[in-house]
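Going line by line, the protein sequences match chains A and B. With positions in the first sequence counted from 1, the corresponding number in our numbering is that position plus 532. With positions in the second sequence counted from 1, the corresponding number in our numbering is that position plus 345.
One should not assume that every hint holds.
[Stated by the list, open to error] Restricting the straight-line Cα-Cα distance to at most 35 angstroms, the calculated cross-link-like pairs of lysine-lysine (DSBU-like) are:
#1 Lys790/A x Lys615/A
#2 Lys632/A x Lys692/A
#3 Lys468/B x Lys564/A
#4 Lys567/B x Lys557/A
#5 Lys557/A x Lys632/A
#6 Lys557/A x Lys615/A
#7 Lys564/B x Lys468/B
#8 Lys567/B x Lys468/B
#9 Lys567/B x Lys564/A
Since the hints were made in silico from the structure, they are not lab data.
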Amino acid sequence: MTTAAGQSLPLDTFDTYTPPSRLRKLGRTARKQPLGVFGAVVVIILVLMSVFASVVAPHDPSSIDFDSLTSPNAAHPFGTDDKGRDILSRVIYGSQTSLKVGLIATFIGTVGGALIGLTSGYFGGLFDSILQRLMDSLMAFPTIILALIMVAVFGNSISKLMLVVGIAIIPGVGRVMRGVVLAEKQSLYIESARATGADSARIMFRHILPNVLAPIIVIATSLLGASILVEASLSFLGLGTPPPTPSWGADLSGNARKYFPYAPWMAIFPGVALSLVVLGFNLLGDALRDVLDPRLRNR
Amino acid sequence: MRTYALRRLLLMVPVIIFVTIMVASLMRMVPGDPATLALGQQATEEDRQRFNEEYHLDESLPVQYLRWWSDVFRGNLGSSVVQRTDVTDELGERLPSTLELLILSMILTVIIGIPLGVISAVKQNSILDYVIRFTSIAGISVPSFWLGTLLLILPSIWWGYLPPLTKVSFFDDPLSNLQQYITPAFTLAVGGSAGIMRLTRSSVLEIMRNDYIRTARSKGLKERLVIVRHVLQNALIPVVTVLGLQFAGLVGGAVIIETIFNLQGVGLFFINSIFARDYPVIQGLVLFLTVVFLLINLLVDLSYGFLDPRIRYS
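If we strip away everything but chain A, and leave its shape as in the complex, we get:
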């Protein structure tokens, strides 16, 4: 072992080398991705806020009071709305709705899309063609229109909303997954797995799935932001989360717009919260993509 200058390196240089600890690796990545860290912080705050909503919120989000439309003060840091409800508490409890719908819808969409992409890409042939035409016809619709049609049919309760938003994002995930699986299917390790006698299910779930997990995580993160937006948009239109459950989208519609000139805080705070959370998920998704899936970098 010699260096360029011809000196030989002492062997123990290699012996003393210890790989950086996980914590340190994380720190190094974080320094390269300041925006991703910002996104992660926002997401963590969101999660804490919704889990400990009953502890953090100063008031009951639905309790009606004579103190209506008061501007932000010590008792009501974000002010109150036209019914005298505390806006800070509504923002805190609204995070529960956003997070719940976002998480479960993303879970449904990602699992459904991944299954479709996996089987469709793996088996190919007629099965793939039929499934892809079906996906194409769903993809033709913008997500919000697809969700609106389903809400028109199924109606809107929180659990139906999760399902509707989840189904609406399946085709997008399915298409990306199919592409990734098609590429992965050509790899040598798939051939060797098949040579050892592994059946299709085993190859799909034990061999392909772990290797396409990175893009799945990346897609899921940005879909979280997107599905929170869809829930908010539906609620804003009056076709989403039904009252009295606090929802940022619903709190931004109707009276928040009517009273805007006199009580701008009604529309400002839920809007800022919603924008920040979606921004957080998008930044986190971008950072995760750079870290987990270098092939997609700069895209």
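Based on the hints, put chain B in the right spot on chain A.
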């Protein structure tokens, strides 16, 4: 190319049939019947029966479905049970407004998104690049209904500015018509232009790594010419096709924007009929939208071939 387009057009038929059957049968599963909605709770059983006969709602589902198709082929997309108007007439009245909104916001998307993307790529990793990239992520994240509300109300509070409230045709008074549409179009364009900016940036960066760009530079071509003539021409191919796809997405956004700005377009019509559970209208509109979206997708796919001669259709 022509056979490809023809085959794709034929493939649209099963999709359209599938979508309409789905919508038609799902609509009937929903609680609440149109007769009660149209006539009110006080209507007698007799009134309701007459109503159902008049709108052929007493027939079996397959018969109703086929009757609906035979109407569609005669240019009638169905008639509203609640408003008692024809869907086709309503569409004719509302389409110009929606189209103007979409076209204006498409123009804004292009003139905001593409230049910012090119600047961001050419000045990669500069402060300007970071600012543009952060702004674009923020643009994707801000909900359009909130941004629209702010853009509508803040100018009126700060400067007492209000856009003209009654609808003016572009051909009568282009200036006040534009005043009316520019804010909604901009709101609609924000998300799209952010996406276009990100795509343009990555596409330009990818092209700039090619050998022929180095050749162009080494033969002494000015940087501006390298960018305009060699990079942009190739980098914009994927951008143009995504723009086509975004047009479909804009239709979805228009539903929200038209609600906020109270523009009497197709989107607002759609929302209102969902609220009224006006099934014939929803069914007609879904058919219309399906055909529009499928045609847009087809045009986008075909445009690949025009823009990039290397792509052949089979």
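*Against which earlier hints does the structure fall short, listed by number upward?*
4 and 6
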